[in-house]
Amino acid sequence: MAELLTKEIVKKVAHLARLKLSDTELDLFTTQLGQVLGYVELLNELDTSAVEPMAHVADIANVFRDDEVRPSLPRVAALSNAPKTDGKYFVVPQILEEG
Amino acid sequence: MSVLSTSSIELIARLNRGDVTSVELTEVSLDAITAQDANIRAFLSTNADAAIAQAKAIDERRKAGQPVGKLAGLPIAIKDNMCTLGLKTTCASRILENFVPPYDAGVVEKLKAADAVIVGKTNLDEFAMGSSTENSAFQVTRNPWNLEHTVGGSSGGSAAAVAARMVPLSLGSDTGGSIRQPAGFCGVVGMKPTYGRVSRYGLIAYASSLDQIGPFATDVASAALLLEVISGHDDRDSTSVDRPVPEYSQTVESAPGRLTGLRVGIAREHFVEGLDREVEAAIKQSLDVYRSLGAEIVELSLPHSKYAIATYYLIAASEASSNLARFDGVHYGHRAAKFDNLIDMYSASRGEGFGAEVKRRIMLGTYALSAGYYDAYYLKALKVRRLIRRDFDAAFERCDVLASPIAPTPAFRLGELVNDPLAMYLSDIYTISANLAGIPGLSLCCGLSSNGLPIGLQLLAAPFEEEKLLRAARMFERATDWHTKRPI
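Chains as they are written, first to last, in this note's numbering: chain A, -10 to 88; chain B, 2 to 489.
In short, the hints are calculated from the structure, not lab data. Where hints are given, some of them may not hold.
As the list claims (entries may be wrong) - Computed footprint of chain B on chain A; a stretch qualifies when at least three of its residues, placed anywhere within it, have a C-beta under 8 Å from a C-beta of chain B:
id : segment
1  : 42 to 53
2  : 67 to 75
To be verified - Dumping the calculated SDA-like pairs for lysine to any residue here, alpha-carbon to alpha-carbon at most 20 Å:
id : chain 1 : residue 1 : chain 2 : residue 2
3  : B       : Lys339    : A       : Glu86
4  : A       : Lys0      : B       : Ala372
5  : A       : Lys0      : B       : Ile344
Fair warning: this is a prediction, and the values are worked out from it, not measured in the lab. Ideal placement from N, C-alpha and C gives every residue a C-beta, glycine not left out.
Could you build the full structure based on these sequences and the hints that come with them?
Next comes the structure, spelled out in structure tokens:
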């Protein structure tokens, strides 16, 4: 199923995963992930065309609760671990370019 | 010999008789950590002042004849991926190095309600990803039986803390064997409950459909007691199952004679090439113990065993890539000092904050879930997962518990596998299927290798058959003295 894993593909995946990787890491992961992907080819021995996927083992689905207000974390506690806040909000770098 | 050499059940009896106080036990525990942990390095942080204060309050309540919880006064350690209010919770990762949770995990609430005394947080493979505790960003934990060998992982700190008798009890989490394998490598009892038995609320997620919290203890009955305390429904975890919690600590001791007809299954796929000879011999001797106790040994097959590791690493990595997307340098955790724009802030923060194994699994999962590969990898793995579960359903028609090794070898040497991820993954062969199938499993000591390292026996049972599992383990323990062996 798999094409050969190239450094270019690894670079693209790193971008999708929002991981800044060094050149050394890119080389290492290209080799190591290639080995793991080679290994998981093993699953292709099995014909699973008639098998339902199993996302979950617990025999429960659609756990609902009443839509009512419940206590939640106070703002101070919710902000307490943030790298940057203004006391009220999480602060992030500017997102939209100036128009 | 330290007072902590005895079982938790016995310690509670002594506390209730007034032979010892919680303050004394807590001091012994903290002193043992000071004395031994410079070498073993099981703890990432301790909670000394609060623990002593809590112990004192429990002693006073007990003395005044007021009601106390089931674990009242017992020191306990918690793997550092479970949130503890006001107490740093790092997942052994740089990205959470300074994270102080604003709330308690469900299991931590239950421990506090049971009056357990939390003495510290233990080391793990970063985000519970690993099989040796070498992937911690902060320190390597060493095996109390031989400091040159690994403790296993990922709950290596919790296993070592009990093995070295720094605490009588601890909590770990098990996603692919992370409680059972280190318990086996350290010669203690470790148990992964049925998926859904214990709330995952406040357990920092690695692979949500596989993660489950469970106990470490010196012996089976003490593990049963801790399981009893942490089990139960929690509506903050939608996969937590709403069914009554048996009194495991009582039923584990009840009517041993009734297990005479116990059927112990062994899978022929578990005794193949790659299995260490001493491990194989110890497991076969364990089966003889069961035979001598009147159990029937049933040989059967788990035909999809050889696909478990590939299935697991695809599913676990996929779930991890999704779960760990929350670490973005905005709400909590590390934010890079230098970046060009928002996307670059995410990437730089994550690139700096995560270690190599975490990055590998996020990359593998992102790849397996990405457009064009989803069907071939992730969906395929979910289908094989069902086949693996069916194997177990069929097996438990024919036996009550399945016995196997916990790992192909006793504890390997530090550094032996850490640079070969695939070889490290392959060492999880005996434990991983239980997580895919969601069934309970337990590890206990069943021998020592010629170089003095513990050998673990794994027992597995059908979903929610924890009582049977614990009783079968207790039956073995009663007939042997392996649980009394200590690291020198």
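Tell me if the straight-line CA distance from Lys0 of chain A to Ala372 of chain B falls inside 20 Å.
This hinted pair holds, its Cα atoms lying about 16 Å apart.
Sort out whether Ile344 of chain B lies within 20 Å of Lys0 of chain A, counting only the CA atoms.
Distance of about 15 Å is within 20 Å: holds.
Taken at face value, is the distance from the CA of Glu86 of chain A to the CA of Lys339 of chain B at most 20 Å?
Holds: Lys339 of chain B and Glu86 of chain A sit about 19 Å apart, inside 20 Å.
Would you check chain B against the segment 42 to 53 of chain A, counting CB to CB pairs closer than 8 Å, and say if three or more residues qualify?
Result for this restraint: holds, n = 8.
Under a C-beta cut-off of less than 8 Å, do 3 or more residues of the segment 67 to 75 of chain A approach chain B closely enough to confirm the stated coverage?
holds (count 6)
No hint from the list above goes unmet by this structure.
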